[in-house]
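2 protein chains.
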Amino acid sequence: QGFVSVLQNNSYDRYANNSRSLLYEEWASYCVFYKYQPIGLIRKYFGEKIGLYFAWLGVYTQMLIPASIIGVIVFLYGCATVDDNIPSMEICDSRNNITMCPLCDHACSYWKLVTACGTARASHLFDNPATVIFSIFMALWAVLFMEHWKRRQMRLNYIWDLTGFGEEEQDHYRAEYELQVTKKRMKQERSNTKITVTFAIVFGVILYRISIRAALHMSSYPAARANIRATVKTTAAIINLIIIIVLDEIYGAIARWLTTLEVPKTDKSFEERLIFKTFILKFVNAFTPIVYLAFFRGRLVGRPGNYLYVVGSYRMEECAHAGCLMELCIQLCITMLGKQLIQNNLFEIGIPKLKKLLRKRKSELDSKQEEELNETLQRYEKDHFLGPFVGLNPEYMEMIIQFGMVTLFVASFPLAPLFALLNNIIEIRLDAKKFVKDLRRPIAAKAKDIGIWYNLLRGLSKAAVIVNAFVISFTSDFIPRLVYQYVYSPDGSLHGFVNHTLSYFNVSDFQPGTDPLEPMHLGYKVEICRYKDYREPPWSSTPYELSKEFWAILAARLVFVIVFQNVVMLMSDFVDWLIPDIPKDISLQIHKEKILMVEVFMKEEQNKRCAAQDNRSSPSSTNQSPLQPRSRPVSHANC
Amino acid sequence: QGFVSVLQNNSYDRYANNSRSLLYEEWASYCVFYKYQPIGLIRKYFGEKIGLYFAWLGVYTQMLIPASIIGVIVFLYGCATVDDNIPSMEICDSRNNITMCPLCDHACSYWKLVTACGTARASHLFDNPATVIFSIFMALWAVLFMEHWKRRQMRLNYIWDLTGFGEEEQDHYRAEYELQVTKKRMKQERSNTKITVTFAIVFGVILYRISIRAALHMSSYPAARANIRATVKTTAAIINLIIIIVLDEIYGAIARWLTTLEVPKTDKSFEERLIFKTFILKFVNAFTPIVYLAFFRGRLVGRPGNYLYVVGSYRMEECAHAGCLMELCIQLCITMLGKQLIQNNLFEIGIPKLKKLLRKRKSELDSKQEEELNETLQRYEKDHFLGPFVGLNPEYMEMIIQFGMVTLFVASFPLAPLFALLNNIIEIRLDAKKFVKDLRRPIAAKAKDIGIWYNLLRGLSKAAVIVNAFVISFTSDFIPRLVYQYVYSPDGSLHGFVNHTLSYFNVSDFQPGTDPLEPMHLGYKVEICRYKDYREPPWSSTPYELSKEFWAILAARLVFVIVFQNVVMLMSDFVDWLIPDIPKDISLQIHKEKILMVEVFMKEEQNKRCAAQDNRSSPSSTNQSPLQPRSRPVSHANC
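Top to bottom, those sequences are chains A and B.
Here the first sequence is numbered in the UniProt record's numbering, starting from 1 and rising by one per residue.
Here the second sequence is numbered in the UniProt record's numbering, starting from 1 and rising by one per residue.
Derived from the structure by calculation, the hints contain no laboratory data.
Just so it is clear, CB atoms sit at the ideal spot from N, CA and C, and this is done for glycine as well.
Mixed in with the good hints, there may be bad ones.
Only some residues are given here: those of chain A computed to face chain B with a beta carbon under 7 Å [as the list claims (entries may be wrong)]:
#: 1; residue: 551
#: 2; residue: 552
#: 3; residue: 554
#: 4; residue: 558
#: 5; residue: 562
#: 6; residue: 600
#: 7; residue: 603
Okay, derived cross-link-like pairs now, DSBU-like style, lysine-lysine, Cα gap no bigger than 30 Å in a straight line [as the list claims (entries may be wrong)]:
#: 8; chain 1: A; residue 1: 592; chain 2: B; residue 2: 265
#: 9; chain 1: B; residue 1: 150; chain 2: A; residue 2: 268
#: 10; chain 1: B; residue 1: 265; chain 2: A; residue 2: 44
#: 11; chain 1: B; residue 1: 592; chain 2: A; residue 2: 150
Label-pair restraints from in silico Cβ distances [said to hold, decoys possible]:
#: 12; chain 1: B; residue 1: 341; chain 2: A; residue 2: 488; range: 52 to 62 Å
#: 13; chain 1: B; residue 1: 266; chain 2: A; residue 2: 18; range: 44 to 54 Å
#: 14; chain 1: B; residue 1: 455; chain 2: A; residue 2: 426; range: 37 to 47 Å
#: 15; chain 1: A; residue 1: 574; chain 2: B; residue 2: 95; range: 53 to 63 Å
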């Protein structure tokens, strides 16, 4: 109790702190989650900058509703059609009796494809034609969201009277910069190397992360026996998550240190550079495992008899038969849920409370004295014990990473918008509580827009188009299925697709020492095993070379990427062009006011000329300010 | 002479018409082609709209200079390396003695590859690695041009005091619209079908054009014997050109008619719709033959023994061995030169003169009376005999089509910027002469920007990236050469590339009736002939099917398209973001003026308060307008 519950029993100073308690009741409560936020009140109490953040969060959450609905429909479509899916039916059909090549050297044995039945069926939930339509929808959704926000921002600018406000008016030189300028010689020598150092470090960190991740995945391999695969996958994803969260904190510090090295000129430029660097680092951190799973895992495996070995004798990881899409889904699901749960609950609720506790300890007051103080201290004195406001950047950053998850890999996980929506409904009220209850009232700052965050959002929604194109064409089996159906299938259906995706391998071609310990499988000797790839059979003139089908399907995949990217970009540009940036009523209003303003000026001028003509002095008529055009009575039509 | 030479002998009214005669001397003359245009003077005499057109034309022409220089260097690089080019050396080497399959059914005979030597060498001029770099450069050049223009426009806006000018202030309803609104019932019934009709007609015209062009190409085929190929190509290009020019005029009328059908609300919307439709039609008209040559010609030929026949028994046209790039070059060259020469000279100089002549005839005055009139008439009375001003749209349209030629197909014709530059240097002065001498002085119109033309330019420069990617990867032999060099070549060089691109055909597999009349060629019986394609040889298990090489090269081409498009787009966005839209000095100036303005208002307010406090009236101090902040003396610091 104590400081935490100051607002619960503060009926005595409710009227002294009216806005705040109103905000507490009408905004910072989970009970009002279905209501619009009182943006005007937030702006009044916290200033434009924080007001814009919550307005943006509101628009984003609102826009997530249709996306979630469509996402759930797509997922349900997947559920409904899972029994009609011919490829998974073929995998689950034990009559097909396909023997697969072992998944690791020596220790592993041959396995039956029918054991991959569960994964194949689950994969269909996320890998069906509806996903393609959904990712086109989500690309357009991102554009619509940006447009919707631009209009909302314009409206808020008008209502909050910011249309004439220039950002540069608040731009002051940083003290650190002025200090540096005095040491001019030193600076000039270093200024060129600085930027280089920054880039080198950022790049180095990225490389380091990728290699760590790859090593982690590889080392986890030998433990992965066929039947405990799912467990391993899940634990690997959780380990990833923990690494992500820990590194996130470290990277924040690195970004700050790098930006300080650069000595930017103004506070604004400092903030922008810091944000950009933090964004790059955190983004790479959050997305490396996902990108690895989506595009690299199982690509560079080699083939039976000629596997690719790295770091001594580690074989590169393979995917299950139905592609890496399922693992990508699990990773996305755990990252989104876990990151949100842990970061929200632990970091946003737990840490502030812990800090408050520590501060309380430091002040070395026993509870008696405290209660006494509580009675005697003024509201603003008590507020001093609350945590300081550290800026909006962590809040924005979290949301941008989430936006990335929702748009970038939506093709592989259509439930992402729903997860984001649920999180954000809580997030809004959580942030509200934090701002109202747990932090000192921040110094109000004016702002016309959300600044560099808008550019980052725009960049993400552009990147989303190409990433989704690659996920659909390379990670999912959409294109191979399509090609099989229209080119190779004897009857135009998907019957035989599974057989078509599997190449043949003669077990006598195993490299010495890599053949399985048990050459017998289920009682009979295996002579031919199958593996997922498009390669020539052992009896062709060029055994185990990539087959014509491989190249044809590769070409089809690439054509899909080009067509998808360009069609979606064209549609996005069209939507962008279709929706005007300024709402019609606002632009009309601005236009009207301009005309009124000119009219008033004209009147004023006329009055003055009249006054000069008549040689009479009328000081009362000049007493009104020309800055308030609407309050001016329009009466002195002609003199 | 007479009215044409009114300005040559008009020393008597030089001072009455000072701006115009100054413009005539300092601007509308070929002698000053190397000088900047007197934009301020143009704006003063013709108004902002025309001033902006010439400013834009000036910026465009200026930006063409570096593009031309690099283009010429790329061309010279092609010229310098033509003798080191291994593929053309191999084609020209008669020792290789490669017999090619006949180019038409029955009538044509076999031919030796060495006869294609000239074309192969010429192709290298435009199809070398430097072209790839040049097309990346041109994509960035287009972005730089747009940015440069935005900044110039901003500067002009500031100098011409247009920063506060809103476009919508001049937006009046069209009389035709108001007429239509009165016939409301009729309109409501038709409004939906109208747009549909418009789209249908536009689309129909496009389809009609494509089929006409295809038919024309096909019918010109039987005449094309190997040795008269170049002549046929050139005449075909000229015929194309004539069709383009004739249809251009017809399309202008169609676009106007379609837009009238739509009954747009305001003049501005009418103009924009008209421009957009005219642009689509004229653009399709100008680029159909080029697109056909670049992407369709020689693609759907079929193969020996199984040619693709259309419209009865016409075989689809093939390209020469070195690809269609050479023909594309000729077409681009003739279109650019011819369109510019004919449209400039004939339409822009000839027709106005012809019209003037006709008008003179109509007025039925003999030369005596005319000279008398010339003496007695006032300047403005004489000007009435000049042609009316028909708007800037034809001028802009011409330039946009040219911009399309320069950016869209620059990968296949690096001299395009040079041609455009030479044309524009003349064009500026030609337009200047026309505006000063041959047309009535237009009614000055205010404008803040170049309107829809900017969007069209932007669209073109975006389209240019993908079109160039396709030209490089599909029309040129760049990718096959690269793939051969790094994958198939035994020694890493291009030796053997020509042989690799040619498939084998067993002449006994010709369909009955399609084999050549002369089975003997140069004295020996041909058994195997070669054709340009990647297909299996007759002795393989699947004869004449597309080979693995075909699919691998196709995949490589597609990968190039994706990489090129995304890299260039990223670079363009980066350049766009790097260059601020408003020049630094202008934004500083605007900021300063804003502060001054606020200061003046504050002073004014203070003065008034002082006046009220002192109960004294000082009408002289309120006599100055607050709209002219800089002219205001800052003296009444405190009262």
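Do the hints match the structure? See the list:
Restraint check, residue 551 (chain A) versus chain B: the minimum CB separation of about 3 Å is within 7 Å; hint holds. The beta carbon of residue 552 (chain A) comes within 5 Å of a beta carbon in chain B, closer than 7 Å, and the hint placing it at the interface holds. At its closest, the beta carbon of residue 554 (chain A) sits 4 Å from a beta carbon of chain B; the interface hint therefore holds under the 7 Å criterion. A least Cβ separation of about 3 Å between residue 558 (chain A) and chain B falls short of the 7 Å threshold, and the interface hint therefore holds.
About 6 Å separates the beta-carbon of residue 562 (chain A) from the nearest beta-carbon of chain B, less than 7 Å, and the hint is met. Below 7 Å, beta-carbon pairs count as interface contacts, and residue 600 (chain A) has none with chain B, the closest being about 11 Å; its hint is therefore violated. Checking residue 603 (chain A) against chain B by beta carbon gives a least distance of about 12 Å; that is not within 7 Å, so the hint is violated. Between residue 592 (chain A) and residue 265 (chain B) the CA atoms are separated by roughly 20 Å; this keeps the pair inside 30 Å, and the hint holds.
Among the hinted pairs, residue 150 (chain B) with residue 268 (chain A) is consistent with the structure: their alpha-carbon atoms are about 25 Å apart, no more than 30 Å. Distance restraint check for residue 265 (chain B) and residue 44 (chain A): the Cα-Cα separation of roughly 42 Å exceeds the 30 Å cut-off, and the hinted pair is therefore not satisfied. Distance restraint check for residue 592 (chain B) and residue 150 (chain A): the Cα-Cα separation of roughly 28 Å lies within the 30 Å cut-off, and the hinted pair is therefore satisfied. The beta-carbon spacing between residue 341 (chain B) and residue 488 (chain A), approximately 54 Å, falls within the hinted interval of 52 to 62 Å.
Between residue 266 (chain B) and residue 18 (chain A) the C-beta distance comes to about 49 Å, which sits within the given range of 44 to 54 Å. Under the hint 37 to 47 Å, the C-beta atoms of residue 455 (chain B) and residue 426 (chain A), about 43 Å apart, fit the expected range. Judged by the Cβ atoms, the range 53 to 63 Å given for residue 574 (chain A) and residue 95 (chain B) holds: they are separated by roughly 57 Å.
Violated hints, in rising order: 6, 7, 10; the structure is consistent with all others.
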